[in-house]
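Participant: Knowing the structure of chain A, use the given hints to seat chain B on it.
2 protein chains.
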Amino acid sequence: MEVLVPFSTDRPKSRLSAVLDPDERKAFARAMLRDVLDAVRAADGDPRVLATGPVEADLACPVDVDERPLTDAVNAALDARVDDSPEDATPVAVVMADLALATPEALRELFAAGREADVAIAPGRGGGTNAFVASHPAFRVDYHGASYLDHRRIAAEVGASVAVVDSHRLATDVDEPADLAELLIHAEADEGSGGRAARWLRDAGFALDATEGRVGVERE
Amino acid sequence: MEVLVPFSTDRPKSRLSAVLDPDERKAFARAMLRDVLDAVRAADGDPRVLATGPVEADLACPVDVDERPLTDAVNAALDARVDDSPEDATPVAVVMADLALATPEALRELFAAGREADVAIAPGRGGGTNAFVASHPAFRVDYHGASYLDHRRIAAEVGASVAVVDSHRLATDVDEPADLAELLIHAEADEGSGGRAARWLRDAGFALDATEGRVGVERE
Numbered sequence: 005m006e007v008l009v010p011f012s013t014d015r016p017k018s019r020l021s022a023v024l025d026p027d028e029r030k031a032f033a034r035a036m037l038r039d040v041l042d043a044v045r046a047a048d049g050d051p052r053v054l055a056t057g058p059v060e061a062d063l064a065c066p067v068d069v070d071e072r073p074l075t076d077a078v079n080a081a082l083d084a085r086v087d088d089s090p091e092d093a094t095p096v097a098v099v100m101a102d103l104a105l106a107t108p109e110a111l112r113e114l115f116a117a118g119r120e121a122d123v124a125i126a127p128g129r130g131g132g133t134n135a136f137v138a139s140h141p142a143f144r145v146d147y148h149g150a151s152y153l154d155h156r157r158i159a160a161e162v163g164a165s166v167a168v169v170d171s172h173r174l175a176t177d178v179d180e181p182a183d184l185a186e187l188l189i190h191a192e193a194d195e196g197s198g199g200r201a202a203r204w205l206r207d208a209g210f211a212l213d214a215t216e217g218r219v220g221v222e223r224e
Numbered sequence: 005m006e007v008l009v010p011f012s013t014d015r016p017k018s019r020l021s022a023v024l025d026p027d028e029r030k031a032f033a034r035a036m037l038r039d040v041l042d043a044v045r046a047a048d049g050d051p052r053v054l055a056t057g058p059v060e061a062d063l064a065c066p067v068d069v070d071e072r073p074l075t076d077a078v079n080a081a082l083d084a085r086v087d088d089s090p091e092d093a094t095p096v097a098v099v100m101a102d103l104a105l106a107t108p109e110a111l112r113e114l115f116a117a118g119r120e121a122d123v124a125i126a127p128g129r130g131g132g133t134n135a136f137v138a139s140h141p142a143f144r145v146d147y148h149g150a151s152y153l154d155h156r157r158i159a160a161e162v163g164a165s166v167a168v169v170d171s172h173r174l175a176t177d178v179d180e181p182a183d184l185a186e187l188l189i190h191a192e193a194d195e196g197s198g199g200r201a202a203r204w205l206r207d208a209g210f211a212l213d214a215t216e217g218r219v220g221v222e223r224e
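So the sequences go chain by chain: A and B.
For the first sequence, our numbering begins at 5 and goes up steadily by one.
For the second sequence, our numbering begins at 5 and goes up steadily by one.
Calculated from the structure, these hints are not laboratory results.
There may be inaccurate statements among the hints.
[As the list claims (entries may be wrong)] Computed far set for chain B versus chain A, every beta-carbon distance over 10 Å: (1) L82; (2) A117; (3) E120; (4) P127; (5) A150; (6) G163; (7) A185.
[To be verified] Label pairs and their in silico Cβ distance ranges: (8) B:R19 with A:A142: 40 to 48 Å; (9) B:E120 with A:E180: 33 to 41 Å; (10) B:D42 with A:A182: 27 to 35 Å; (11) A:D83 with B:D213: 31 to 39 Å; (12) B:E60 with A:R15: 50 to 58 Å; (13) B:E6 with A:G209: 57 to 65 Å.
[Claimed, not checked] Interface residues of chain B toward chain A, partial, derived using beta-carbon atoms under 8 Å: (14) V69; (15) G130; (16) G131; (17) A193.
Beta carbons are placed, not taken as given, at the ideal position from N, Cα and C, and that holds for glycine.
Looking at chain A on its own, in the form it has when it is part of the complex (with noise of 0.2 Å):
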């Protein structure tokens, strides 16, 4: 299955900007869309790197460039893919580059999802869209405000059966500081494996900080 992983080049991450400067943003993100990349091949799809501009960086895998904001972007690659008729639409998948937890069996499970269901969504927390897959031909995006809530009404305007992926793997796109600690939570009870992001981020002096409610980030 071709899966888009679309990235942002230009100010990647400027939630995290209370705890990362810009150029550590912009390394971070890179580390996060390599793990995200890599999930996607051990799940058998073929990543394609949708980017608002060059990526300095060998991504083994074609990149688009496409300036233009997410859901224009995301749209329009769909219009070249699935305007095809509805019985022999090829599925193709859409996957955000902060998923840095997304593990191959949670994309494999959702790709699965793709192929029953007209459009599988597996909904972000605070109601974002982390990741899709749709072989209706109308369907469209819109990334504004709670998308989740807005694909699931497009679907349901144009008639397309829906399945929802329910994982916190791919329900954490890490957007917010808070969400740091869950990439190092889960990088540390697999035993310190946990990809690029996870390393870069303890590289970068980041632990866990276990002393409140919920465990959050601290740095050295």
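Facilitator: Just chain B, lined up with the frame of chain A:
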């Protein structure tokens, strides 16, 4: 499968004190408990509430009262249940009472994982242990701090095999104001069903607020 549901009757949901007064927190906590019990029953589990004091409501299931802290009460319950030889150990589940998003499907997956592995854990966001199933006679809990990591360590120390259940719904314990949004999002996505807790919130004037990055809640 017997499913213990720990429930605090004295000062439930204190981290929601910024948005709910004490009586509201009690009523909301009870609505969530009822949702969890419904989901457990629909997943063919036999729920039993493990309360810190008498529950003033007919929950249509047994209620054991144990005034001790959560860790001690759960360990006493495990002592009484999984103290057999490993060969004929019967799995017992412990599911937190604030998992108002729990679906029968997610719980069925947890129970199935707990029949295969010695310990099956559904981690919560922030490193908690929102639900688990244990059949290993030596596994005991410690809910302080990052309990998911502690429980992985404890399981490894006693030689228990571990399965991790990846579920956004089981990962979402409703503890803080931002978690209320999660409850309303998924209730709205599934066409206003969403159980008693979501209805309670709507009746109390809460609605989704999509004006910032992640969707939050506002109250009339």
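Participant: Look at each hint and say if it fits the structure.
Facilitator: Here is what the structure says about each hint:
1. L82: 21 Å, holds
2. A117: 13 Å, holds
3. E120: Holds, since 15 Å exceeds 10 Å.
4. P127: Non-interface label fails for P127 (chain B): nearest chain A Cβ at 7 Å, not farther than 10 Å.
5. A150: 5 Å, violated
6. G163: 16 Å, holds
7. A185: 7 Å, violated
8. B:R19 with A:A142: 40 to 48 Å: Holds, since R19 (chain B) and A142 (chain A) (Cβ atoms, about 43 Å apart) stay within the stated range.
9. B:E120 with A:E180: 33 to 41 Å: Given about 35 Å between the Cβ atoms, the range holds.
10. B:D42 with A:A182: 27 to 35 Å: 30 Å, holds
11. A:D83 with B:D213: 31 to 39 Å: At roughly 32 Å between Cβ atoms, D213 (chain B) and D83 (chain A) fall inside 31 to 39 Å, so the hint holds.
12. B:E60 with A:R15: 50 to 58 Å: 53 Å, holds
13. B:E6 with A:G209: 57 to 65 Å: 45 Å, violated
14. V69: Constraint on V69 (chain B) not satisfied, violated at 25 Å.
15. G130: With a closest approach of 3 Å, the G130 (chain B) hint holds.
16. G131: Because about 4 Å separates G131 (chain B) from the closest Cβ in chain A, which is inside the 8 Å limit, the hint holds.
17. A193: 5 Å, holds
Violation of the numbered hints given earlier is confined to hints 4, 5, 7, 13 and 14; the remaining hints are satisfied by the structure.
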